[in-house]
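Q: Using the sequences provided together with the hints, build the complete structure.
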Amino acid sequence: MSTPARARPIDIEWISKVVKQLVEAGPPVMVRDTVADRNVPVSADVAAAPDGFLPLLLACGDTVWLEATGRSLGIDLARDPQTVLGFRVDGAAAGPVAPLLLSVMHAMAEVARPDMLLINDLQGPWQAAQERLRWDAKKPAPVATAHSASSVKPDRSGLR
Numbered sequence: 146m147s148t149p150a151r152a153r154p155i156d157i158e159w160i161s162k163v164v165k166q167l168v169e170a171g172p173p174v175m176v177r178d179t180v181a182d183r184n185v186p187v188s189a190d191v192a193a194a195p196d197g198f199l200p201l202l203l204a205c206g207d208t209v210w211l212e213a214t215g216r217s218l219g220i221d222l223a224r225d226p227q228t229v230l231g232f233r234v235d236g237a238a239a240g241p242v243a244p245l246l247l248s249v250m251h252a253m254a255e256v257a258r259p260d261m262l263l264i265n266d267l268q269g270p271w272q273a274a275q276e277r278l279r280w281d282a283k284k285p286a287p288v289a290t291a292h293s294a295s296s297v298k299p300d301r302s303g304l305r
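Sequence positions in the sequence shown follow this note's numbering and run 146 to 305.
Each hint should be verified, as a subset may be incorrect.
Cβ pair distances, simulated, as ranges [said to hold, decoys possible]:
1. PRO241 / ASP182: 38 to 46 Å
2. VAL163 / VAL256: 17 to 25 Å
3. ALA213 / VAL180: 31 to 39 Å
4. LEU247 / ARG153: 15 to 23 Å
5. GLY215 / ASP260: 30 to 38 Å
With a Cα cut of at most 20 Å, we get these calculated SDA-like pairs of lysine to any residue [what the hints assert, rightly or not]:
6. LYS165 / MET250
7. LYS162 / GLY240
8. LYS165 / VAL185
9. LYS162 / LEU247
10. LYS162 / ALA189
11. LYS162 / ALA254
12. LYS162 / SER188
13. LYS162 / ARG277
14. LYS165 / MET261
15. LYS162 / ASP221
16. LYS165 / GLN275
17. LYS165 / ARG279
18. LYS165 / ARG258
19. LYS165 / ASP235
20. LYS162 / PRO173
21. LYS165 / LEU278
22. LYS165 / PRO244
23. LYS165 / HIS251
24. LYS165 / VAL256
25. LYS162 / PRO244
26. LYS165 / LEU247
27. LYS162 / ASP190
28. LYS162 / GLY236
29. LYS165 / GLN272
30. LYS165 / ALA243
31. LYS162 / ALA239
32. LYS165 / ALA189
33. LYS162 / MET250
34. LYS162 / ALA238
35. LYS162 / VAL242
36. LYS162 / ASP235
37. LYS165 / ASP266
38. LYS165 / GLY236
Keep in mind that the hints were calculated from the coordinates and are not lab data. Beta carbons are placed, not taken as given, at the ideal position from N, Cα and C, and that holds for glycine.
A: Written as structure tokens, this is what we have:
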């Protein structure tokens, strides 16, 4: 009789690299700058960075998984005012990586337009995640502006 394998912690740096590849393979990622009334391109690096838009993508994937199974994937996000969204990814619960990636892909596919993936279209699942995780819903994470999304260069020194 063999002992059951213990689930390993999910490597967020690896998840970031895979999400970057998904972003590069899909339609351009954009964020709507409501002040300038235009869409601004988001680099794959910023879209997939733990201190970029990855918290939003993982939280939306977690919302998809929760709605499908009744269980959370255990995404660990922390408030960080130095990041694009005001949150960074600190980790995820130990377990298989496939449900996490498939849920993120599903969330992205749900809002993807033929010509782009508009980050702003993920606002609904992002708000649901904030409410579920009991973040201060009256004080949502700051919305990225064209300036912050296009000029942010994530600090990679803190990655595991």
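Q: If a hint holds in the structure, say so; if it doesn't, say that too.
A: For each hint, the structure was consulted:
| no. | hint | verdict |
| --- | --- | --- |
| 1 | PRO241 / ASP182: 38 to 46 Å | holds, 43 Å |
| 2 | VAL163 / VAL256: 17 to 25 Å | holds, 19 Å |
| 3 | ALA213 / VAL180: 31 to 39 Å | holds, 36 Å |
| 4 | LEU247 / ARG153: 15 to 23 Å | holds, 18 Å |
| 5 | GLY215 / ASP260: 30 to 38 Å | holds, 35 Å |
| 6 | LYS165 / MET250 | holds, 12 Å |
| 7 | LYS162 / GLY240 | holds, 18 Å |
| 8 | LYS165 / VAL185 | holds, 18 Å |
| 9 | LYS162 / LEU247 | holds, 15 Å |
| 10 | LYS162 / ALA189 | holds, 10 Å |
| 11 | LYS162 / ALA254 | holds, 18 Å |
| 12 | LYS162 / SER188 | holds, 13 Å |
| 13 | LYS162 / ARG277 | violated, 27 Å |
| 14 | LYS165 / MET261 | holds, 15 Å |
| 15 | LYS162 / ASP221 | holds, 18 Å |
| 16 | LYS165 / GLN275 | violated, 23 Å |
| 17 | LYS165 / ARG279 | violated, 28 Å |
| 18 | LYS165 / ARG258 | holds, 18 Å |
| 19 | LYS165 / ASP235 | holds, 18 Å |
| 20 | LYS162 / PRO173 | holds, 17 Å |
| 21 | LYS165 / LEU278 | violated, 25 Å |
| 22 | LYS165 / PRO244 | holds, 17 Å |
| 23 | LYS165 / HIS251 | holds, 15 Å |
| 24 | LYS165 / VAL256 | holds, 17 Å |
| 25 | LYS162 / PRO244 | holds, 16 Å |
| 26 | LYS165 / LEU247 | holds, 14 Å |
| 27 | LYS162 / ASP190 | holds, 9 Å |
| 28 | LYS162 / GLY236 | holds, 14 Å |
| 29 | LYS165 / GLN272 | violated, 23 Å |
| 30 | LYS165 / ALA243 | holds, 16 Å |
| 31 | LYS162 / ALA239 | holds, 18 Å |
| 32 | LYS165 / ALA189 | holds, 5 Å |
| 33 | LYS162 / MET250 | holds, 14 Å |
| 34 | LYS162 / ALA238 | holds, 18 Å |
| 35 | LYS162 / VAL242 | holds, 13 Å |
| 36 | LYS162 / ASP235 | holds, 15 Å |
| 37 | LYS165 / ASP266 | holds, 19 Å |
| 38 | LYS165 / GLY236 | holds, 17 Å |
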